[in-house]
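Novice: So the chains spell out like this:
There are 2 protein chains.
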Amino acid sequence: MKISNITSEMPASAIRKLIPFSDAAKAEGVKVYHLNIGAPDIKSPDCAMKKVIDECTGMHHLSYTNSAGFMELRQGLVEKYYKKIGINIEVPELLVEVAGSEGFASAMRIACDAGDEIIVIEPFYTNYQTFAFLYGITLKTIKTDIREGFRIPDISEFEKVLTPKTRAVLLCNPCNPSGKLFSKEEMLAIGEFCRKHDLFLISDEVYREFCYTDEPHFCALNIPGCEQNVILVDSVSKRYNLCGSRIGCIISHNKDVMAAAMKLAQARLCPPVLGQYAAIGALDTPDSYFEETKQEYIKRRNVCIEMLNKMEGVYTPMPMGAFYTVAELPVDDAEKFAKWMLTDFRLDGETAFVTPAASFFRTPGVGTNKARIAYVLEVPQLKRAMEVLEAGLKAYPGRTI
Amino acid sequence: MKISNITSEMPASAIRKLIPFSDAAKAEGVKVYHLNIGAPDIKSPDCAMKKVIDECTGMHHLSYTNSAGFMELRQGLVEKYYKKIGINIEVPELLVEVAGSEGFASAMRIACDAGDEIIVIEPFYTNYQTFAFLYGITLKTIKTDIREGFRIPDISEFEKVLTPKTRAVLLCNPCNPSGKLFSKEEMLAIGEFCRKHDLFLISDEVYREFCYTDEPHFCALNIPGCEQNVILVDSVSKRYNLCGSRIGCIISHNKDVMAAAMKLAQARLCPPVLGQYAAIGALDTPDSYFEETKQEYIKRRNVCIEMLNKMEGVYTPMPMGAFYTVAELPVDDAEKFAKWMLTDFRLDGETAFVTPAASFFRTPGVGTNKARIAYVLEVPQLKRAMEVLEAGLKAYPGRTI
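Protein sequence lines correspond, in order, to chains U and F. Residue 461 in the numbering used here is what sits at position 223 of the first sequence, and the numbering runs on without skipping anything. Residue 630 in the numbering used here is what sits at position 392 of the second sequence, and the numbering runs on without skipping anything.
Accuracy of the hints is not assured; some may be wrong.
Treat identical chains as interchangeable: a pair holds within one or across any two.
[What the hints assert, rightly or not] Computed list of lysine to any residue pairs in SDA-like fashion (alpha-carbon distance at most 20 Å, straight line):
(1) K281 - E534
(2) K288 - H299
(3) K240 - T606
(4) K493 - N326
(5) K493 - R433
(6) K403 - E625
(7) K321 - M248
(8) K532 - H299
(9) K398 - H491
(10) K255 - V399
(11) K403 - D582
(12) K577 - C457
(13) K321 - M556
(14) K422 - G374
(15) K422 - S246
(16) K269 - E360
(17) K288 - P462
(18) K577 - D392
(19) K240 - D351
(20) K378 - V270
(21) K240 - H435
(22) K493 - A277
(23) K532 - E328
(24) K493 - I244
Just so you know, these hints were derived from the structure itself, not from any lab.
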């Protein structure tokens, strides 16, 4: 029995494929510091779980909702969240998705047919490539330089990869994996490029609340003249540390986009209803929650970046958003190194798990000596994880310095 | 801004597209009897919501799970549910999906590349066609006759639609929309056909607990010699009336199938975690729950079928499973009729909502005068809904008798 070529040839998740080695290490009693995945340990706001408990108490049965999600959630997002941060949308312009994952996958489907192209900026979230593969879309990449803090190059670089098949620019702001925060000027320039060439601008802003500059995050929906181009993808996963709720949304002023999003949504009937309750509850999160979370991440980031850059042969820029950084390591191959850390290296019975960055790049060779580090541990644990990582780098047989 | 051809040309859900007219009727104060959707009013088992409440109480934050779902849920399904009903599987042969919808969509992807074909039996669940459209798969249909209770024809009919591009047979047992329950003999014959031609047999058994004959449901996994062919799709939505939990699973003895299912699962990170808790809780549902539910549905079915067949010009066979029936109506076009009921017809301020059946068929014309009726209301309400439907049929301007 032969399975389809598409699922046979589909690459396995680069982020998740080392997990069996981590599990095996843990089974041996090794403590593994997880720097590999964006699953932080910050507490969710109490109002989220309270709403779930209230709804489940005495619940008769758990029905479907509208494919676009509960009206209460859609209205709440529009009025209690987006309005407050200066994003003005109407309820029909927002549809609840099965997390940001369904959001950007739908946006890619809506923008492209098989054979079409999307411009992405390296490094980019690896599952953009997964869905591009499934949909027959080609990603064309814009290169950036880690030594320049992944600065967005001049728009002429975008013009160079433009072809008649280009349908969209897809970006993540702040960026997973690099922590790069797009400036207002960068967003306006990309917006102008999209407007000029009739491209969709798919803006994945699931890390919006994690920005560490004094300037506010500049949302793609606020680019003047791009109302019909922008498709915003958002999620409650990161914002409230409700990753398991699987609730996100897709937002656009473009009516055709929303009609298509609704047809795609109807095919999977409705978003998870218990997660929708958590998201409704989370709408009452006090502003102080975001401020406290941000201060905590700034502390963690500073520790992480300082310790990384003190390690011999390691370089990472200062990320201004999200809770990741991409670091250059003095290793022959970061994937071999990451696996070796899990299978061979122990420091007093401990090891650290980093994500090899090759899958975040498409330009051959650029990601080979890089890893994504998520600073999602409390400071004392994070410090220890960095010590373990440093010791591992010193002991690794494929060390290049 | 032009959206993709695929999402532009994708048909809207036939089941859900009349909902705005139903909402409008309700906004006018009209009582609408919902015979249109498989969202029953049966109580969920208490243990399901209790588990959610227990887990949410004092929860720190809501993490991702493994892409295949909680190990506790997978083990629980294998040991507490499937073993008990005579289906012997190992944990690696089961992966938790975002409801049956993701389950059959993944199975179709795993079986077929674009351009391939799947054999389905008319009438079939309309979203099979939706995903076939998205994946570029052609559905080839086996005709059945409502007057013969949608009996499965001789296997020679399957041979007739077989081509070198055929990759699978996809069936729903018991069937949404017809209520047809496949006999053991029918399943063995289809299994033999699949084995002989190296086809996958995708068996959607989400209504397994709703069978109204004395013989037990015959699961596709129990067809001898078809271990490598069968992909089982299942769900907790219907079994425990937890439709909103969005938890289902895909099961196969075929290792390549499960490896592909895992790659697809990793792309969407993990199934909804709160719904997984509900599903874990539901594993402790006492057997009496299924027996009571079944007796309730038998009552409802008998009322529904008897009253339908007493209406002038209406015919429906006796369904032996699920909670739907397909009825032939004396109307020019069941979609026009269904819409007219919502927009124009009122009996003492009430109307009834049925689903036009055209989208459950691919053979042109066969579904035009048919509707799917879900008997998901309590008997007194169901009786009244039938009276309203009968009055509507008498008053409808497009009546054909």
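Novice: Name the hints, by number, that the structure is in violation of.
Specialist: Of the numbered hints, 3, 6, 7, 9, 10, 11, 12, 13, 14, 15, 16, 17, 18, 20, 22 and 23 do not hold.
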